[in-house]
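S.K.: Here the protein sequences come in this chain order: E, Y and Z.
Each residue of the first sequence is one higher than the one before, counting from 0 in numbering that gives the first Met the number 0.
Each residue of the second sequence is one higher than the one before, counting from 0 in numbering that gives the first Met the number 0.
Each residue of the third sequence is one higher than the one before, counting from 0 in numbering that gives the first Met the number 0.
Quick caveat, the hints were computed from the structure, so don't treat them as lab data.
Keep in mind that the hints are not guaranteed to be accurate.
[Said to hold, decoys possible] Some chain Z residues close to chain Y (C-beta under 7 Å, calculated; not the full set):
1. Gln52
2. Ala90
3. Leu94
4. Ala102
5. Phe160
[Said to hold, decoys possible] From the derived model, a few chain E residues whose C-beta atoms are all more than 12 Å from chain Y:
6. Ser9
7. Thr26
8. Gly140
Here the structure is a predicted model, which is why all the values come from computation and not from measurement.
Ideal placement from N, C-alpha and C gives every residue a C-beta, glycine not left out.
Here is how the chains run, residue by residue.
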Amino acid sequence: MWAFIHKLGSPKWFYAISSRLLPWFWTTAVLLIGVGTVWGLAFAPADYQQGNSYRIIYVHVPAAFLAQSIFVSMAVAGLIFMVWKIKIADMAAAMMAPLGAAMTFVGLFSGAVWGVPTWGTWWMWDARLTSMLILFFLYIGVIALRGAFSSRHSASRAASVLAMVGVINIPIIKYSVDWWYTLHQPSSFSMTSRPSMPADMWLPLLIMVLGFYCFFVAVTLMRMRSEILRRESNKRWVRELAGELS
Amino acid sequence: MRGTEAPMVEEEGARVSRGEPRGGLVVALRATLKRDLILLLRRRSELMNPLVFFALVITLFPIGISPDPVLLATIAPGLLWVAALLAALLSLDSLFRGDFEDGSLEQLLLSPQPLPALVLAKVAVHWLMTGLPLALMAPVLGLMLSLPAGSYGVLALSLAVGTASLSLIGAIGAALTVGLSRGGVLLSLLVLPLYIPVLIFGAGAVKATIMGDGVTAHLAILGALLAVALMLAPWAIAASLRISING
Amino acid sequence: MTLRLQARNLACERDDRWLFEGLDLDIHAGEIVRIEGPNGSGKTTLLKILSGQLSDYQGELFWNSLPMERARTDFLSSLLYLGHAPGVKSALTPLENLAWYQAMTGDPDSESARMAALEGVGLGGFEDLPTGQLSAGQQRRVALARLTLTPRLLWVLDEPFTAIDRQGVLALEAQLQSHARAGGCVLVTTHHELRSLELRRIHLGQGGDDARH
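If we strip away everything but chain E, and leave its shape as in the complex, we get (with noise of 0.2 Å):
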């Protein structure tokens, strides 16, 4: 077990071994998205109360689900990093903050649109979109903290101390966000929770959370292997394949 994390901790096996799993993480999500899409939008029954207009949640509720997961992993990867001094998860941690900031986006945004044809207006300060936004600010400020050091070794301890401490404050702050809402506004529509959803509604909805997670390990593998030849371009198996290709 542990030689095995000590290889894939190795860059250039893990440079060889995730060009053989990214062609399957691609492949699936392609196809989780693809048949996720079709199904949800063209064949799932229309909502009842909202018509056509719940499809959203196909794209909505992945985003959200991923911008919560891909913190939470940038911090796993980040405690790896600080324990084990193992590089990959720093280079996992670094590829992953844009893409986690990107599907936030995505929920909000998302979650706006929606906004039109159920509230009547882009924004509501709704317990789901106001932590969403704090998430948010939380990835920018990742980002920014690892980018403002002139170090890279320096910038990557400094990313990981504050996406733990972040992950650490996601679920206080989710729960006083709630705590907050539920006493300014009672909520009398919620766009999410319902009694019973048919299984023609949600089972396209899984495919796409299921898709959506192979689309975030593709991204990542993908940029982290851009990434690998990159910081150790000068070592030797680099410049290798480099002669090798050319």
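On the provided structure of chain E, position chains Y and Z as indicated by the hints.
M.R.: Relative to chain E, chains Y and Z alone:
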């Protein structure tokens, strides 16, 4: 059991008498507290800045919104809390910067004493010199915003407890950005999202008092947040300082 | 009073070039080690690594044959580090500055010891002025007073002679010598010649090599 325990105690005693680190912690903490207090008291204008800022921001709101006492009274808890939070943020950047620039921070990090305890002393001074005065001043400004009677005590108390958490959380940001030449703006970007729970329960406590609801839950959660911050923040601050000293 | 600081295969990379590589050190009691090299060759970085401040390096450090991570507290209680910045608060008086250092090292609080240390560096009569009002050389002397105030085995001094006048340089040289003779150890960088001292020299490269090999 007895037999196995006795040598351990002896060993512990021997260690304390041999090396100064353990025995000297209280001395070092007291010295750090004293030094930082003296330093702040010698720069009294800097001490006044957050208070003046607090008063100024509170003055802006009636001018910008409306002088109507009824309206002001409803938004006063939030205004007071937001303004106090920003005022506390103002002095955060200088928490470690002076030490970083004159080399005292290196010396602090090279002390054989546990660093989390030492930074806790520094944060305590920051709270004592910003958070606590802000909390004491808030009722006066509340009066100017027609804050309903009966909520002044809770306002001061919630601010006193809440700003302690703010100082602790903020110190993590200050420690992360102390090595950066333009860390000030970044610091607020890092720290403000983390301040939101404290703001919610702090302002919530004052509002609950005005509405006649029970205030204990809010204050209890504020206390719980402070306890969590007290447990975790010193380690994060210490780790962040070690990172910043790397440049 | 044993003392042994070892470094094995020490390497440090900054901005894609090696400041130094494959550096092995074995430093014992009684030695004065001078780190030499042109500007930008990593002298300060090496001192910071050897005093346990930096984590961004490769290789291993040992203190009295124990790995540095395990011996850290023991190492720090034997270390006196003087950096580029003197670590002196300009708003505090020299006495107050020294009081903090005395407390931080766990030594008993003693004003007479502080006064004696200040006398020793020629600051008698200045002890109650704010340090910011003193000259640069005098401020540096406040920091140097720690050498007598808090006795430590290992001195790591980064450019300790900066802004010190000739008289002070001679006194400090003598102090380094007697510290080494008494079983202590000094690691120092300086542009001064230090002719009177028996030195061990460690030379760092010409601004470092390219990282490509």
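S.K.: Against each hint, give a clear statement of whether it holds in the structure.
M.R.: Evaluated hints:
Using the Cβ-Cβ criterion of 7 Å, the hint placing Gln52(Z) at the interface with chain Y is satisfied: the shortest such distance is roughly 6 Å. Hint on Ala90(Z) holds. Least Cβ distance to chain Y is approximately 5 Å, under the 7 Å limit. With a least beta-carbon distance of about 12 Å to chain Y, the hint placing Leu94(Z) at the interface is violated under the 7 Å criterion. At about 3 Å, the closest approach between the beta carbon of Ala102(Z) and any beta carbon in chain Y falls short of 7 Å, and the interface hint on this residue holds.
Nearest Cβ of chain Y to the Cβ of Phe160(Z): about 16 Å, over the 7 Å cut. The hint is violated. Every Cβ of chain Y is farther than 12 Å from the Cβ of Ser9(E); the closest lies at roughly 24 Å, confirming the non-interface assignment. In this structure Thr26(E) is separated from chain Y by more than 12 Å, as the shortest Cβ-Cβ distance comes to about 37 Å. Non-interface call for Gly140(E) relative to chain Y: violated, since the shortest CB-CB distance, roughly 4 Å, does not exceed 12 Å.
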